[in-house]
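Engineer: Quick note, the sequences are listed as chains A and B, same order.
Counting from 1, position 48 in the first sequence corresponds to residue 856 in our numbering; the numbering is continuous, with no gaps.
Counting from 1, position 189 in the second sequence corresponds to residue 193 in our numbering; the numbering is continuous, with no gaps.
By construction, these hints were calculated from the structure, which means they are not laboratory data.
Watch out, some of these pointers could steer you wrong.
[What the hints assert, rightly or not] Lysine-lysine pairs mimicking DSS-like chemistry, simulated, CA-CA at most 27 Å apart:
1) A/Lys-875 <-> A/Lys-856
2) A/Lys-875 <-> B/Lys-75
3) A/Lys-938 <-> B/Lys-264
4) B/Lys-122 <-> A/Lys-875
5) B/Lys-184 <-> B/Lys-122
6) B/Lys-60 <-> A/Lys-938
7) B/Lys-67 <-> B/Lys-184
8) B/Lys-149 <-> B/Lys-93
9) A/Lys-938 <-> B/Lys-149
10) A/Lys-810 <-> A/Lys-875
11) A/Lys-856 <-> B/Lys-42
12) B/Lys-87 <-> B/Lys-122
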Amino acid sequence: MKIVLEILYIAVGFFLLVFLESIFVNLFSFRLIFLLFLFAYKKIDWKKLLVVASVLSLVMDVTMHYKLGTNLLMLIVPLGMFSLFSTFSSVEDGIGSYIVRFVSILLYHILNLILPSLLLTGTLGVINGKLLIYALINSLVSILLFLLVNYIIGGIRKRGDASKIRLK
Amino acid sequence: MLNRKKATKNILGDNALLLVGLVVAGIFFLLDTLSAVKPLRDGISFLFNPIYVDGKEVANEVKGYFGTVGKIDEFRKEFNELKVATYEKDINNAHYQVLLEENDSLRKQVTLGNMEKKYLLGKVLEVENISNMRIDKGEKEGVKKGAVVSVGNMFVGLVQSVDSEGALVVLPYSKSSTFKVFVTNVGVKDGKIVEGVPMLSKGVVRGGGDDINIENISMNSTVEEGDIVVTMDERIGGYFVLGRIANLVDNPAATSKSAKVAPLVDYDDLMTIFVEIE
Numbered sequence: 809m810k811i812v813l814e815i816l817y818i819a820v821g822f823f824l825l826v827f828l829e830s831i832f833v834n835l836f837s838f839r840l841i842f843l844l845f846l847f848a849y850k851k852i853d854w855k856k857l858l859v860v861a862s863v864l865s866l867v868m869d870v871t872m873h874y875k876l877g878t879n880l881l882m883l884i885v886p887l888g889m890f891s892l893f894s895t896f897s898s899v900e901d902g903i904g905s906y907i908v909r910f911v912s913i914l915l916y917h918i919l920n921l922i923l924p925s926l927l928l929t930g931t932l933g934v935i936n937g938k939l940l941i942y943a944l945i946n947s948l949v950s951i952l953l954f955l956l957v958n959y960i961i962g963g964i965r966k967r968g969d970a971s972k973i974r975l976k
Numbered sequence: 005m006l007n008r009k010k011a012t013k014n015i016l017g018d019n020a021l022l023l024v025g026l027v028v029a030g031i032f033f034l035l036d037t038l039s040a041v042k043p044l045r046d047g048i049s050f051l052f053n054p055i056y057v058d059g060k061e062v063a064n065e066v067k068g069y070f071g072t073v074g075k076i077d078e079f080r081k082e083f084n085e086l087k088v089a090t091y092e093k094d095i096n097n098a099h100y101q102v103l104l105e106e107n108d109s110l111r112k113q114v115t116l117g118n119m120e121k122k123y124l125l126g127k128v129l130e131v132e133n134i135s136n137m138r139i140d141k142g143e144k145e146g147v148k149k150g151a152v153v154s155v156g157n158m159f160v161g162l163v164q165s166v167d168s169e170g171a172l173v174v175l176p177y178s179k180s181s182t183f184k185v186f187v188t189n190v191g192v193k194d195g196k197i198v199e200g201v202p203m204l205s206k207g208v209v210r211g212g213g214d215d216i217n218i219e220n221i222s223m224n225s226t227v228e229e230g231d232i233v234v235t236m237d238e239r240i241g242g243y244f245v246l247g248r249i250a251n252l253v254d255n256p257a258a259t260s261k262s263a264k265v266a267p268l269v270d271y272d273d274l275m276t277i278f279v280e281i282e
């Protein structure tokens with residue numbers, strides 16, 4: 809019963825995510841998926857994350873008429889870079905972690921400009937100064953959102969801890 | 005020791021996500037080159053495309069709304085420009101209407117039976133309680149007190165007072181307006197008096213303030229409603245059509261008949277008039 813409910817939640821979550829992604833992409837040219845994966849990375853079991861990422865990227869590839877695997881590749885490459893940075897410095901907390909995340913998000917947005925066209929037609933997509941500035945702004949907004957979500961979750965955790973009895 | 009083992013496992017796990025993810029992406033990419041995945045594409049498309057399109061429509065609506073709000077200043081400017089353009093068109097239209105009315109009046113005046121007299125074209129400035137009319141022609145243009153004001157063969161009034169720039173015309177509705185008339189049933193066509201006018205009866209027209217009364221119609225006459233009332237007063241000096249007989253009162257006990265006169269022209273709507281100057 810629990811598994812059925814979990815599958816149901818995930819299915820509804822997929823639909824909701826696709827709907828929100830569609831709104832954000834068409835309204836602000838802003839991708840929400842990578843932000844979610846960056847947030848979930850190292851926080852939930854990698855196998856579950858991989859399954860969700862694979863299915864969701866398949867859905868996004870089909871709805872956006874990309875080659876299958878494009879969205880997954882766009883998720884994996886910046887995550888790989890993020891992981892690479894994490895071997896050199898701490899990416900758990902501090903301003904450095906946000907810089908690393910910002911660079912990853914920026915890479916994701918740049919890949920978003922290049923990769924679909926490259927895999928589909930074999931040519932690099934349209935990339936110019938204006939689009940790069942948009943990517944930069946999107947990345948900045950994303951990192952601010954990330955910061956906000958972390959702050960809210962941090963606050964909730966603290967409130968949860970307050971009810972616990974601490975033994976020193 | 006245990007913690008280090010756990011951490012190593014964790015790092016491997018995270019890296020495994022990247023490696024396996026790359027492999028899966030590669031497999032997806034390779035599969036897409038085969039037509040075998042078409043049913044999969046169709047299935048996903050069937051399930052998720054409506055959601056994606058709905059999201060897109062919502063985004064477009066929101067974008068359209070904010071786009072409109074963002075361009076409100078532009079729209080306001082455009083609205084003001086359109087308003088000015090509409091006013092200009094209204095002005096042009098009003099000017100055209102004035103020209104049309106003037107043209108119509110001139111045509112009526114041209115078809116006058118008596119062409120010996122000279123007339124001056126004037127504009128109506130104001131009509132006060134349908135009793136008096138102010139016109140824009142005065143002494144300077146040769147308008148004199150007592151001059152007849154008409155439109156074609158239709159009587160409008162007599163000039164009551166004149167100053168250098170304008171004049172006051174007393175309309176038949178005025179209580180101070182009294183003149184002799186006769187009633188006829190034929191001989192008037194389109195407000196123009198033609199040959200062979202039979203005089204059914206003579207009478208006197210008096211302004212009643214808000215109506216025009218005709219009195220002293222002979223009891224023996226065959227005057228009917230709709231007959232034409234024509235002026236025949238020495239102050240007017242010619243035959244002008246005043247209006248039609250209406251509300252005829254035929255009281256056998258009275259010595260004469262009386263009626264109301266419905267003017268052929270609506271004095272309130274007059275814009276162009278002609279003042280007799282010679």
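Engineer: Work down the list of hints and note, for each, if the structure agrees.
Structural biologist: Right, here's what the structure says about each hint:
Taking the CA atoms of A/Lys-875 and A/Lys-856, the gap is about 23 Å. The hint holds against a cut of 27 Å. Our distance criterion of 27 Å between C-alpha atoms is broken by A/Lys-875 and B/Lys-75, whose separation comes to about 38 Å. A C-alpha spacing of about 84 Å is found between A/Lys-938 and B/Lys-264, which places the hinted pair above 27 Å, so the restraint is violated. Of the pairs offered as hints, the one joining B/Lys-122 and A/Lys-875 is violated, with about 94 Å between alpha carbons and a cut-off of 27 Å exceeded.
Only pairs whose Cα atoms come within 27 Å are accepted, and B/Lys-184 paired with B/Lys-122 is accepted, the gap being roughly 23 Å. Between B/Lys-60 and A/Lys-938, the direct Cα distance comes to roughly 23 Å. Compliance with the 27 Å bound is thereby established for this hinted pair. Restraint check: the Cα-Cα separation between B/Lys-67 and B/Lys-184 comes to about 78 Å, which exceeds 27 Å; the hinted pair is violated. Restraint check: the Cα-Cα separation between B/Lys-149 and B/Lys-93 comes to about 40 Å, which exceeds 27 Å; the hinted pair is violated.
Our distance criterion of 27 Å between C-alpha atoms is broken by A/Lys-938 and B/Lys-149, whose separation comes to about 83 Å. For the hint linking A/Lys-810 to A/Lys-875, the alpha-carbon distance of about 35 Å lies beyond 27 Å, and the restraint is violated. At most 27 Å may separate the alpha-carbon atoms for a hinted pair to count; A/Lys-856 and B/Lys-42 meet this at roughly 26 Å. Simply put, B/Lys-87 and B/Lys-122 have alpha-carbon atoms about 44 Å apart, too far for the 27 Å limit, and the pair is violated.
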